[in-house]
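Knowing the structure of chain A, use the given hints to seat chains B and C on it.
Chains as they are written, first to last, in numbering that gives the first Met the number 0: chain A, 0 to 350; chain B, 0 to 425; chain C, 0 to 315.
A hint or two may mislead.
[Claimed, not checked] Partner residues aside, some chain A positions facing chain C, computed with beta carbon under 8 Å:
(1) Met-157
(2) Gly-164
(3) Met-246
(4) Met-330
Since the hints were made in silico from the structure, they are not lab data.
Just so it is clear, CB atoms sit at the ideal spot from N, CA and C, and this is done for glycine as well.
The residues making up each chain are set out below.
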Amino acid sequence: MSTHDKAYLHPEIDIQTTGESWWNLMLMHLGRHTLLLAFLVLVIIGTTTSDYFLTSANFTNLLRTMSVPAILALGVSFVLIVSRIDLSMASQMIFAPVVGVTAITLFADLMDFSVLVRGNSFTGSSFALVVIAVLTGGFVGWLNGIGVMYGRITAFIMTLAMMQGLRGMNYYLTGGHAYYLQESTYTWMGTTELWGIPLSFMVYVALSVIAGISLRYTLVGRRLYSIGGDERSAALAGVNVRYWVIMAFIICGVLSAIAGILFTSRLQSVDAPLGFGYELNAIAFAVIGGVSLAGGKGSPYRVFLGALVITTLLNILTLWGFGSWYQNLAMGIVIIVVIAIDQWLHRRSSN
Amino acid sequence: MNISRTLARTAVGLVVSGLASGVFAETEVGIHTHLNNLIKENSHASRTMQNSDLDDFYSRQGFRDYLETYPVAELTGDFVWEVGMGKEYIGPVSGLPIKAPFSEYLPVPEGPVLNPDKQYRIGFAYHGANHPWLVSLADTAVHEASLHPNIRLEVIDSEFDDNQMGQVIDNWIAQQYDAIVLWPSREAPMGPPVDRAIRAGIPVVSLDRRTSSTQISSEVLGNFYANGLQQGLYLNHVTGGKGNLIMNRKPLGSTADSIRTGAFLEAIGDYDYNLLDSFHTDSQRSVAFDTTRNALQAHDDIEIVFNTGADEGLGALDAVREAGRLNSAPGGKKIVFLLNDDSREAVEEVRLGNIEMVSPYTPLLGGIGVRAAIRHIAHKEGLADAPPPKQILTPNLPMITREKMVINGIETITPAEWPYSFGPAP
Amino acid sequence: MTVASAKRWFTSNSIISLISIFLLISLLASLISPVFFSADNFQNIIRNMAVVGIIAMGMTTVLIAGEVDLSVGSTMAFSAMVGATLMGGGASIPVIAATLTAGMLVGLVNGLGVSVFRVPSLIMTLGMLALARSLGNLVSGGQSSYPSSLTGFMFLGRGSAMGIPVAILVFAGVVVFSYYMLTLSKMGPALYAVGANQKAATLSGISAIKVKLFVFVFSGFCAALAGMVQSARLGQINPSMGQGFELTAIAVAVLGGASLFGGKGTVEGTLTAALIFGVLYNIFNLVGISGHIQLVFVALIIVAMAYLHGLRERAV
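Same shape as in the complex, but just chain A:
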């Protein structure tokens, strides 16, 4: 990896210019800005091939389609930065609202009032639902972290087990049927837009900004990047590795819960089989954005770029009338090709 890419880690290090040829410099810049270029290229393609690409309705759709997977990607990027992985996000996304609904319903039963209309229409407090969901996300993340750090179980296996277990719990807690979530605040969350920008996107941007600031300028960032860069050195330097890795998982859990709230508010319902396979999309967004699987590299801005590029590509394919088969094909090819090129560029620049 060139020093150029590690600039965010140690801002005090000057970016070295070693007098390389303009070709190599250009490749380095290309590597850094590939995604932005790709996005621009896609915008041009989209505008010229479809009358509807530059419309505000399409723009809104694009932002909305992007938001939930991007929040998941933001969450998993924290875990990737500390060289771990989290496969349970999509299940958590559904689990958090389910627990919220179940808990409130149980409480209501105990206190003898009703929050269910017609058997499965939930009318309880949305505020309580959101709070319980977020707490649940944090709790599940904490469990993941404990399993990985104290149980010494590989993150892949731990979060894989969590993913399966939560999916089973989702079916069990919902009894296999859907809950309609039609309380007015909740549906407001799913439908409201400001100047064509959906609320879910605004939440995503806010979360990204908070994440970006904490990763770049605060202790959180320094600790997480140092653990991801070289865990042994970090431990020797006195960093409480266990604490920070668990914290990364908790953050991922909380973000998954928030994603779940936005997701279910859009569908105005929560149902056990929803969200199947979304964890792979989220990881793809993060990885294409440049968050490294080896850890120590990546930022919310990168995740944003990765999400933007992929979603725009899929949007164009949809406008062209290509269904999910072609879209998955495109996603698969893009993932492989982008990483292959990225690796090639890295090997070139480090030679």
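Same frame as chain A, now just chains B and C:
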């Protein structure tokens, strides 16, 4: 004088009572109305079942609510349907031969429609291109659209991801499509996108299953109730009202599951059946295979397997055959299989005697949906006075059994007489 | 027996601890249900685990070499759909050959991407997961095929020879081949060496590229084979088959002692783990635990066993 008047009155009385007793019911009233009458007779909307376990199950799963709001009514435009009607062609998506029973229902003339100078775009959203029933649904929709050169039908398979189907619909709204026809997998998540389309002025027609939207332009549906009911009536007829049963059902919360299973329970609820287990098999053959195999391990006295679909039923049959338990019901009797959906493979198994009864639910409805959408556009553009009705009932179909029987006044159809099976030949 | 000595016995030898877990669980099952110890039931157990077991064998070799293959579920479907295109000829052999070739081809692409283009295998096979499935959909038009008329093909899933279901024989064949390959051929030690320390292995003359190509092609082959057995059993070649199988296969392999970091894993370990899973599912059915709750129990058991494995590794 008096004698002839008396004779005449007696004759009239005989005919009337014949009608009332249902002897002439099918030919006089039509199979659709006759099944509707049976549905009303067996409804437990306002009474409990005599089998308390079944009643408990029925209440806990909330079937009453779903069944109450499910339309049981006459066909649009006084259409009367009989076995034998319908057009034959090769399905454009599956490449299989199709005889579409309802091609004359809610007709739209061939050729350019509406404003002949305008190109219309209609979106067709469904799931499960790998499912023979759903592919046939697409077949009929695509065929209908192909009859009208100024209509472009965009067919998108969302692979059972409700969120994706919502996004597809949002995309069509952004591109200002002229109408949307959809097959919703589950009711709850599809309501909001349909409402958004309606608000944007785009007519929406749902096929087969319902959405949670109250503003949808039209719903094409109706046969589920008669399906489940006939399965129950058949069962009562052949078992005399007792047996141990397991159920392979469609996803919980889907119209197909609630109405069929609910209707089935209504028909058998007053009898002495023992419900051993109930599974949800996602309409997938492999899942029903697994659940039936599990049930066979857990129970050695299964006598009846109730399935809400053909794929489930065939998966269950495979599992029973693999375990060598086809005749393992107490007393060395054969396990009774009840299915819905008249796929060619299922009907063939009826002919061979492995499956006792299939209650058809033809997927060949896509055409009705597209025609209803066209009529809605016509109304929207001022080319027609009235739009099609909000609920477009599909004709109730009689059940298929190996040999001809008369059950509760329904004359069953044999496999040889049924030309509408869908899917690949076995 | 003290806790400490029990721990020691457990941790001393991974295969012994696995076999003892298997025996314990079998004992538990026989207490729950008298039908457990019957030939019929054993056949059921192994037959039900055969498909996942075949994939897990391929996955084990990939894990030993230090990589992972997430695309096996999609490869199952893709190769099956490729084979299905030849069904019209009415002969089973072309279909079977085409399926296996397609699976190996996918494996080859995976292997090239990982070894030559240095794409991390998690990413390569993740992309292939999406790619292979969509190609499978496109090849088949998304439609299922029904091979019941191909007697040779159907024999794979429904036939029996010498009283043993063919599905089990196929699984046994894969197990025997894998065992031979890992312990008796030259490839075996090469796999372990590359997985444990790729640089050192390369320095001592082992071609990491060849090793990785081999394991991915083998994994693809296993996926295609498993797909055929599954299709034959169900009488249906469904383009959406195999979803989630990759994770179950990884879980089985890892519980059998394979490590995601490479260099570890055995055929007997994976086999025992597969049997443990099979018995567990059997117990669930006998007790009446429904499919979805089964997921929760399986998750807990995975965590527990991974923890025990970790203890063992650190005790050594």
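Review point. Where does the structure disagree with the numbered hints, that is, which hint numbers, in rising order?
Key: Violated hint: only 3; rest satisfied.
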